[in-house]
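Given the coordinates of chain A, work out where chain B should sit on it, guided by the hints.
Spelled out, the chains give:
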Amino acid sequence: MLAYIYTLLPSIFDGLLMTLKVFFVTLILSIPLGVLVSIFRLSKIKVLAKITELYIWVMRGSPLMLQIVFIFFGLPIVGITLDRFTTVIIAFILNYAAYFGEIFRGGIESIDKGQYEAAKVLGLSPYRTFIRIILPQVFKIVLPSIGNEVITLVKDTSLVYIVGLGELLRAGKIASNRDASLVPLALVAVVYLLLTAIFTMVFNKVEKRFSYYE
Amino acid sequence: MILKVNNLNKSFGGKRVLKDISFGLKTGEILAIIGPSGAGKTTLLRCINGLEKADKGTIVIDNIYLCKDQNNKNIPAKSKEMKKIRQKVGMVFQNYNLFPHMTVMENLIEAPINVLGLSKEEALNRAYDLLKNLGMEDKKDAYPFQLSGGQKQRVAIARALCLNPKILSLDEPTSALDPELREGIASIIKKLADKDMGILIISHDMEIVKRVATRIIFMAEGRIIKEATKEDFFNSFEDGRLKSFMVS
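Residue numbers (this note's numbering), protein chains in the order written: chain A, 1 to 214; chain B, 215 to 462.
Chain A extracted, bound-state conformation (with noise of 0.2 angstroms):
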């Protein structure tokens, strides 16, 4: 049994590089798009806070696998062409910049007007006062949402299958229709289930570092 085990590594090992890959890419871009999302949904301009909520409701109402299935065809069609990756990528980005910009959302809207009112008498610019006064105080806000979310991201990044990238599983998959076993499924989960104990444990850290005020 270990030895079967053993012989599954390597295969798993890889789709895990590209579960990791999916997962960090997508993380780091569409956290800093989502708050413009949340800025530009919270925007004076009608139009602009408009088409934002318009982008918002298509990509939180409509499967995520549509939407990577939409961008792989849908991008050759009007001429442009990227690599598989870079596809999956834009349309994971997209995806969860939308939801992260309504758990930003939320946030800003929770921050007292007087913290905006001390900082107007101060004479703080409004690029400053997003910046320095309301955006650190939304953080610890939203964190136990975005915790929500990047579990639900890890196990997400499993769609990338879809056009043909070779995930974490995708590989379990393969060895176990390969070898008609439930073994490389079972340690497949196991690794989802280390993933998600990992990003939980660093999220509770980084919410404890964020309780030294109230």
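In short, the hints are calculated from the structure, not lab data.
Where hints are given, some of them may not hold.
[What the hints assert, rightly or not] Derived lysine to aspartate or glutamate pairs resembling EDC-like cross-links, with alpha carbons at most 16 angstroms apart:
| no. | chain 1 | residue 1 | chain 2 | residue 2 |
| --- | --- | --- | --- | --- |
| 1 | A | K120 | B | E266 |
| 2 | B | K297 | A | E117 |
| 3 | B | K267 | A | E149 |
Positioned in the frame of chain A, the structure of chain B alone reads:
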């Protein structure tokens, strides 16, 4: 005159909150604006701090127009003038509005560094001196949630003073304080007015007004009912509304 308000009017959704308000404030003066709740005191203070736009009338702060009438419209100051005005008027909010994620020191140096362009060292020195004057230097590294109401208020005062304002405005400075802390805030306010500054206090706490004010304006239903020096004010109870307010 460090502050001149002339014929100021303000409505919220058709309800007139300020009706032809005119008054002035001199350096060294402590002017208390009193009156029942709903009299428009806070709205007046918010207009002077540029947090509310007036509908009509003028506000002049140290010879700069914060707003004025032009072609039947009320024109607010341009952003360049507004920047100057912000440095001239300090505001202490009723609930202080300290930045909870920053230490006392960080609360105090943010604006001097970013608005006045002081170096971090200059800003730290200035903030430390102010904290020391207010007996708060040992709390410089504390976060607002670790402070009592009275301590928070002193930090809020220090933060407003960090920009060297010509006018310090305080909204209900005693409303959130225990009675025994009123004494402390009264002596702080008195001490500040000796400096090159005029102080504007909004309150319905007659005790603190009696202790610190040099002049008193009584407001009701958006109007100034009476304006007098403190001595004259407490010697004249002829106005019915004034009387009932003072007795209650």
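Evaluation of the provided hints:
1. A/K120 to B/E266: holds (12 angstroms)
2. B/K297 to A/E117: Holds. B/K297 to A/E117 sits at ~14 angstroms (cutoff 16 angstroms).
3. B/K267 to A/E149: violated (42 angstroms)
When the structure is compared with the earlier hints, a violation turns up for hint 3 alone.
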